[in-house]
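Protein chains in written order, with our numbering: chain W, 1 to 293; chain P, 1001 to 1285; chain L, 2001 to 2437.
No lab work stands behind these hints: they were computed from the structure. Be aware that one or more of the hints could be misleading.
Under the rule of at most 25 Å between Cα atoms (straight-line distance), these lysine to any residue pairs were calculated in the SDA-like manner [stated by the list, open to error]: (1) L:Lys2295 - P:Val1023; (2) L:Lys2164 - P:Glu1048; (3) P:Lys1051 - P:Ile1040; (4) L:Lys2257 - L:Gln2243.
One side only, chain L facing chain W, incomplete, derived with CB under 8 Å [what the hints assert, rightly or not]: (5) Asn2085; (6) Val2089; (7) Gln2092; (8) Ala2113; (9) Arg2194; (10) Pro2264; (11) Gln2275; (12) Glu2350; (13) Glu2393; (14) Gln2395; (15) Thr2400; (16) Lys2404; (17) Thr2409; (18) Ala2433.
Using N, Cα and C, we set each Cβ at its ideal position, and we do this for glycine too.
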Amino acid sequence: MTTATSKTRSGAWSGYLFVLPYLLLFTVFLLAPLAYGFSLSFYRRELLSVVPPKLIGLANYSEALHDPYFWKALWATLRFVALCVPFTMLTALSLALGLNGLKGRLQTVLRAAVFVPTVLTISVAGILWRWFYNGEFGLFNAYLHYINIKPPWLTSTGMAMVSIALMTLWWTVGGPTVVLLAGLHNIPPQYMEAAEMDGAVGYRRFRYITLPLLKPVLLFVMVLNIIGSFQVFGQTFMITRGGPEMSTRSLVQYIYETAFNNYRMGYASALSWLLFLVIATFSAAQFRLMRER
Amino acid sequence: MSASPLPTKPNSRHLAYRINAVVMIVAGLLFAAPILLILITAFKPDSEIVKFAGILPHKATLHNFQEILGSPEEIPIFRWFGNSVLISSLVTLLVLTVDSLAAYGLARLNLPGKKWVFGLIVATLMVPGQILLVPVYLILNKLGWLDTPLALIVPAGAGAFGVFLLHQFFLTIPRELEEAAALDGCSKFGIYRHVALPISAPALATLGIFTFVGSWNDFMGPLVFLDSVDKYTLPVGIALFQTSYYAEYGLTLAASVLCTLPVLIAFLLFQRHIIQGIALTGSKE
Amino acid sequence: MPIDETVPSNISRPITRRALLAAVPAALAAGGCHSTGSNPVTVRYWNGFTGPDGRTMLRLVKRFNERNPDVNILMQRMDWSTYYNKLFVAGQGGRTPEMFVLQTLAIPRFARARFIRPIDDLVASPQTVDVSDLDANVWEALHINGQHFGLPLDVWPMGLYYNKKLFLEAGITDSSGSPRPPQTRDEFLDTARRLTRPETPHRPGQWGYTFTYFESNLYTVLRQFGGEFFTPDSSRCILSSPQNEEALQFCVDLISKYHVAPSPQNFDSWIGFRQGKVGMAFEGIYMLADLQKQKDLEFGGAPVPLLGTHAAVWGGSHNLCLRAGLSGRELEAAWRFMRYLSDNSLDWAEGGQVPVRRSLRNTTRFKGMEVQSQFAREIPIVNYLPRLPFIFEFQTEFTTAIEKALRGTETPRVALATAQARLNKIIERDREASVAS
Chain W
1 MTTATSKTRS
11 GAWSGYLFVL
21 PYLLLFTVFL
31 LAPLAYGFSL
41 SFYRRELLSV
51 VPPKLIGLAN
61 YSEALHDPYF
71 WKALWATLRF
81 VALCVPFTML
91 TALSLALGLN
101 GLKGRLQTVL
111 RAAVFVPTVL
121 TISVAGILWR
131 WFYNGEFGLF
141 NAYLHYINIK
151 PPWLTSTGMA
161 MVSIALMTLW
171 WTVGGPTVVL
181 LAGLHNIPPQ
191 YMEAAEMDGA
201 VGYRRFRYIT
211 LPLLKPVLLF
221 VMVLNIIGSF
231 QVFGQTFMIT
241 RGGPEMSTRS
251 LVQYIYETAF
261 NNYRMGYASA
271 LSWLLFLVIA
281 TFSAAQFRLM
291 RER
Chain P
1001 MSASPLPTKP
1011 NSRHLAYRIN
1021 AVVMIVAGLL
1031 FAAPILLILI
1041 TAFKPDSEIV
1051 KFAGILPHKA
1061 TLHNFQEILG
1071 SPEEIPIFRW
1081 FGNSVLISSL
1091 VTLLVLTVDS
1101 LAAYGLARLN
1111 LPGKKWVFGL
1121 IVATLMVPGQ
1131 ILLVPVYLIL
1141 NKLGWLDTPL
1151 ALIVPAGAGA
1161 FGVFLLHQFF
1171 LTIPRELEEA
1181 AALDGCSKFG
1191 IYRHVALPIS
1201 APALATLGIF
1211 TFVGSWNDFM
1221 GPLVFLDSVD
1231 KYTLPVGIAL
1241 FQTSYYAEYG
1251 LTLAASVLCT
1261 LPVLIAFLLF
1271 QRHIIQGIAL
1281 TGSKE
Chain L
2001 MPIDETVPSN
2011 ISRPITRRAL
2021 LAAVPAALAA
2031 GGCHSTGSNP
2041 VTVRYWNGFT
2051 GPDGRTMLRL
2061 VKRFNERNPD
2071 VNILMQRMDW
2081 STYYNKLFVA
2091 GQGGRTPEMF
2101 VLQTLAIPRF
2111 ARARFIRPID
2121 DLVASPQTVD
2131 VSDLDANVWE
2141 ALHINGQHFG
2151 LPLDVWPMGL
2161 YYNKKLFLEA
2171 GITDSSGSPR
2181 PPQTRDEFLD
2191 TARRLTRPET
2201 PHRPGQWGYT
2211 FTYFESNLYT
2221 VLRQFGGEFF
2231 TPDSSRCILS
2241 SPQNEEALQF
2251 CVDLISKYHV
2261 APSPQNFDSW
2271 IGFRQGKVGM
2281 AFEGIYMLAD
2291 LQKQKDLEFG
2301 GAPVPLLGTH
2311 AAVWGGSHNL
2321 CLRAGLSGRE
2331 LEAAWRFMRY
2341 LSDNSLDWAE
2351 GGQVPVRRSL
2361 RNTTRFKGME
2371 VQSQFAREIP
2381 IVNYLPRLPF
2391 IFEFQTEFTT
2401 AIEKALRGTE
2411 TPRVALATAQ
2421 ARLNKIIERD
2431 REASVAS
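This is chain W alone, in the form it adopts within the complex (with noise of 0.2 Å):
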């Protein structure tokens, strides 16, 4: 950060009307709003109830951990995590990849056909694959049919989440290929100039030079990705509604239907701290491999 230059002290605070706008709004919308849920995490507050709010210290923390449907929900949510984020950043590495290699125009068109289904709203989404997965009318059956298989995509236990997760790998695996494209459209020419003459090429390039100069945005890619993969919701609200028994019923919703349900408001709460601390964890141990390595 640059030191400050000559300029008198006089005019200091009033360089605050600047950021004020966006204090008074971070402070009401996401710092008290922080603070607030912080507390009614320790409270008993139902809104069908007649009974006003009462504190209770950590029962909201000890009922969530002895609740199964707690468990069963971070269990399906670390489910999809591990099956996103994977297939995501590999599928997003080799789309990124093929694109880089190919000229202008195509390039362009196929970068765009690769982005299109992230404009696409949820909603629209979830219809489309909820027709996709159908087990009687489906497109996917109607064709494996005469192969003479059909797989229960959303109706099984094992595999409901794995259709999710595939859905999800097409909906929003453009803007990870666009940002790792846009990662090697800046590696300097001069770099593979240089392999090329070493005589490093193919595999060996990639792993000794494009790979490492794309690490930073490779992990920046990650680490959103799978903060995002933690909130999943939306898939699941509309193409399963968390089943079948629960097992694609992911953490957000589990804090959604019981804020919203059952308006259990103090419950609600701490599970969405629970959520904040998971997440924060994984983070963490990101940013420790990350510097290690």
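Since chain W is already given, all that's left is putting chains P and L on it; use the hints.
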């Protein structure tokens, strides 16, 4: 997929180039095909959708579209579209204004304690939005803003991402430019307005696109904060119209087409800018 | 609770407009469109009719608005599962609509939250509705602490839909050669067996029966086996009883022992019926419109066979309800509309409903509605879901339990015991929340 030895400058006569091109064309088709399928299937009668027999309709019909467009009181799809446009535009305007001012103040002005303030703002980047859902809902209820567009517009201005992005961008502005402007008699605001903003047009455009798309596709916000159907935005409108009992796929797909076409056209027109904007953010950090 | 406080804001709007109009020159006011007195009163009317029944309701609303220029009914609808959320949330913010539809199952919850205005005084007024014309059990279901919290519009007993073509092919006919739906457990099992056919390379497989909507299907069977769900005072859940276990086991057996129903794992049941791959299904009358869209399907409706020992079917009603504290012109307009809907519930029935007024069901017009009149025979044995303020939590637990059993994840005994334990916890929590200071 494509670890094939690609030369630095693609050569279209090279065999490897051609293989890669074919693979990528197939991939591109796979990504785009589902969207074409919505378009095609929306012209099928319901009974044909439920008994799938080929991609193309046997008896193409406009019935689904007629039904949707013919009864605005039943499916106020234009209303939802208008709401979406209004809300997303206002959110974008608010975020650009407020964030650029704050980012400029924090990046370029000599504010006491600004490191501390900026640190606090950046720290909240880690906070997942869901954690705010319940308390913001209760606050909006207190303010009486629930079920009004304000509930979706104003809280959106509190996000830290824009401030962070623009802050990093403003840091790169050469000090001399500002000094020259100051010599010309520009006020702090004048410098912000006539120097910082024009220079940062790409970053502002990126943030604007991000914000607009994010708001346009926001599902949770309208789902929780709105309850009157005529105030809905497109994503929730269409979602809540789908029912768990009936299989009205024809209608929902036709509604999806109407909802998607404008965005699709906008995307195809501006795709270069949109994609470059997104790429810029990624490579920035 | 701030529900009643919305009234001032609703009233103040016409007043300010009136004040404004008074301020502008008389000439303008005379040339302007509305005279102050005939401002139509707006009644917001919310419901969950998103499918074809929504279209039928919308037509009724339009017709009423045309005939009553002094009233403007503004209908809003959304998917039932989200609808209750939204209604409740709107009420929390003091934005409850003047009139709304509640299914019978939701009445206790919204009545306890003081959302609904009882209608007994309106029924007693000169502009009455003849409640003796309503089926007694349907009207009684709205009775809480001496008050009635809505006017029932219809009743939907669950019935048996069957595929006539498949019945004929399998030779399941009566003496005159028309398809004969089963009436007893033995007949049901026999029919289901004869309708079930494995898949061959030349034709797709076929199932005798399929579970469609778990909650309604299983609630019917469990009630037929005589099992109770709660103690009469709703203070304890007694779901895990021998009768309920036996009933649930019977359902599981249809899949895994008799092999006449597909596992929910591999089959989209309702669509399967619509496609003609299933012989029989239990569903509500409201699915009629959906089936009628499938032009190549010949189906019939009949009462659900007696699978257990007690005659019972799952069912529900749509009830027209008024916002708590509603009064004045809005009340008059909403009540007028309610009576209009009730009087015209045959038009409502046309879209796939059974009106709850006996006089209307006795008309030749209703008797001409084939499936509706078949299902209507079951009205006396309709079993509503238990009366609970925590009904949505109950539905979640009940559905989870039966889903696990039907999929074979848990035995009926374990599934029911788990649900019972959770429900008893919910009851405790609810008691704490409802015992006011």
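Hints, one by one, checked against the model:
no., hint, verdict
1, L:Lys2295 - P:Val1023, "violated (43 Å)"
2, L:Lys2164 - P:Glu1048, "holds (21 Å)"
3, P:Lys1051 - P:Ile1040, "holds (15 Å)"
4, L:Lys2257 - L:Gln2243, "holds (19 Å)"
5, Asn2085, "holds (5 Å)"
6, Val2089, "holds (7 Å)"
7, Gln2092, "holds (6 Å)"
8, Ala2113, "holds (6 Å)"
9, Arg2194, "violated (23 Å)"
10, Pro2264, "holds (7 Å)"
11, Gln2275, "holds (6 Å)"
12, Glu2350, "violated (28 Å)"
13, Glu2393, "holds (6 Å)"
14, Gln2395, "violated (10 Å)"
15, Thr2400, "holds (7 Å)"
16, Lys2404, "holds (6 Å)"
17, Thr2409, "holds (6 Å)"
18, Ala2433, "holds (4 Å)"
Hint compliance for this structure: hints 1, 9, 12, 14 are broken, all remaining hints hold.
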